[in-house]
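Q: Letter by letter, the chains look like this.
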Amino acid sequence: MTDFSPSPLAWLHGSDAPEKTSLNIGFMALSDCAPLVVAATQGFAQPHGLTLNLKRQTSWAGLRDGLLSGELDAAHCLYGLTYAVHLGIGGVAPTPMAVLMGLNHNGQAINLSPDLQAIGVTSPEALERHVHQSRTKLTFAQTFPTGTHAMWLYYWLASQGIHPLQDVNSVVVPPAQMVAHLRAGRIDGFCVGEPWSANAVNQRMGFTLATSQSIWPDHPEKVLASTAGFARQYPNSARALVASVLAASRFIEQSPENLRATARLLSAENYLDAPLADIEPRMLGDYSDGLGNHWHDAHGLRLHDDGRANLPWLSDGMWFMTQFRRWGLLRDDPDYLAVAREVQQLGLYRDAATSLGIDCPVASMRSSQLIDGSVWDGSDPHGYAHGFRLHALSGQ
Amino acid sequence: MLRILLIDDTEKKVGRLRTALVEAGFEVIEASGLTIDLPARVEAVRPDVILIDTESPGRDVMDQVVLVSRDLPRPIVMFTDEHDPAVMRQAIQAGVSAYIVEGIHARRLQPILDVAMARFESDQALKAQLQARDQQLAERKRIELAKGLLMKMKDCDEEQAYTLMRRQAMSKQQKLVQVAEQIIAMHDLLG
Chain A
1 MTDFSPSPLA WLHGSDAPEK TSLNIGFMAL SDCAPLVVAA TQGFAQPHGL TLNLKRQTSW
61 AGLRDGLLSG ELDAAHCLYG LTYAVHLGIG GVAPTPMAVL MGLNHNGQAI NLSPDLQAIG
121 VTSPEALERH VHQSRTKLTF AQTFPTGTHA MWLYYWLASQ GIHPLQDVNS VVVPPAQMVA
181 HLRAGRIDGF CVGEPWSANA VNQRMGFTLA TSQSIWPDHP EKVLASTAGF ARQYPNSARA
241 LVASVLAASR FIEQSPENLR ATARLLSAEN YLDAPLADIE PRMLGDYSDG LGNHWHDAHG
301 LRLHDDGRAN LPWLSDGMWF MTQFRRWGLL RDDPDYLAVA REVQQLGLYR DAATSLGIDC
361 PVASMRSSQL IDGSVWDGSD PHGYAHGFRL HALSGQ
Chain B
1 MLRILLIDDT EKKVGRLRTA LVEAGFEVIE ASGLTIDLPA RVEAVRPDVI LIDTESPGRD
61 VMDQVVLVSR DLPRPIVMFT DEHDPAVMRQ AIQAGVSAYI VEGIHARRLQ PILDVAMARF
121 ESDQALKAQL QARDQQLAER KRIELAKGLL MKMKDCDEEQ AYTLMRRQAM SKQQKLVQVA
181 EQIIAMHDLL G
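Residue numbers (the UniProt record's numbering), protein chains in the order written: chain A, 1 to 396; chain B, 1 to 191.
Honestly, the hints are just simulated from the structure, not real lab data.
Careful, some of the hints might be misleading.
[Unchecked claim] Facing chain B, according to a computed beta carbon distance under 7 Å, are these residues of chain A, among others:
id : residue
1  : Ser22
2  : Gly43
3  : Gly387
4  : Arg389
5  : His391
6  : Ala392
Built from N, CA and C at the ideal position, the CB exists for glycine as well.
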């Protein structure tokens, strides 16, 4: 059992000071870990009485285990992974989790292999025809069974009339290993966070077929997560951590110069260990898909967006549960709103944001239209989860 | 099974503790007297707990304890006949986790060791947190100093100075405190 007694240092200082001053923060080598790396290395945590020790992880499963064992105090985490652990989906006992804040919107992508490119499968329609006419099933990789990339891949395929659990195979591959798997011919496509999609394009290993923001403009993606136990035992540390990371997110988006400098920092061996040319353009919204198309994306990676990318909206958390239900990962409907209220640390976020003068809407739901035309606003999660043409709902 | 390094510093040298420890089921590695180099011994034996049995802990005993606490921290339990509270305080300051005056019974050993180990763990956690805090404060001071120097050199405001330092640090894949040190060094050089 976890001991919830206050830290031995609590008596030493005022009531707002962090109970625990040195925190181990897990991250994966992805562009959207930027706010954590910048917060830890650029003096954003010291004014809040914290030292952040960055701990790079090699897989999402390993990062999850680190959070659950207490080796990591908080981490860069997939929205879906956090909810799967909370609900006990996927081989681990349910552990109450906390989404402390959002880390980003957008900035993930679906790529296809050079072999598919060579036979002219370069559009959604061509892929749909190929999948339904070819005798061999294609294999797509995502990064975690209940992660955001699995959900984007499934949602996108389904929106094109491809059943993600029947018409294709899907496997889990850690983000940084996607290109190697593609090269070895073990997978035909993947959904992954940057810079690994750009990295494949730059190595002429296939092309980007769809960005995640084309599925849902300004979609929720990574969060800063901890166990609920951490947030309860060290509430001041949790608030100080959110304030530090939020200040870093704001700084990164203050100017294109800051974004470029951030890309340089990320490319270092200790962080992404990837070429700057793979990281910087898409961080700034400049896309090349490998088919000769270039564009500036109006919904590129957002790390702050005046706080809109950081607020832990209840409707964002609920959406991932509707997709778990849709694809049979949840056998029954959870109490969507009640679970989201447990996990999303809205009060903590609002306290931290207000202390930095960052705008905090009163609303806890937001409305979006997705690629298939459906509108998600959190008002009818049950109806939404059960309203898709392609699904794997059990018990129906 | 707990590995115990037993330091016998009593006149009798018969080892009044040894029998009790073995009876209680501990693995006991014995070293007699404090003429030995305690840190070296701890390095070689890697005990879970160090027990010092001494009639009255002298200055050399305390010195050895201080060295172990600094370099190879371990729970240290001291059994002694010395009642003087000043000596006890000295021993605790040197890094002793538990100080037991007289009366050693086999069945009391386990709880004494449990308390000593728990005490030791919480002390270590406290020490690590305090060290982290000291380092935070030290880094913050250096960053503030560099920011002030830069504000004067560039004739800019606080936020601009921070932004310049951070952009420089990130572009060079360094930490902010490293750039702060470079600014301070450059300022010292140019006087």
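Q: Please go over all the hints and tell whether each is borne out by the structure.
A: Hints, verified against the model:
| no. | hint | result |
| --- | --- | --- |
| 1 | Ser22 | holds, 4 Å |
| 2 | Gly43 | holds, 4 Å |
| 3 | Gly387 | violated, 46 Å |
| 4 | Arg389 | violated, 47 Å |
| 5 | His391 | violated, 45 Å |
| 6 | Ala392 | violated, 45 Å |
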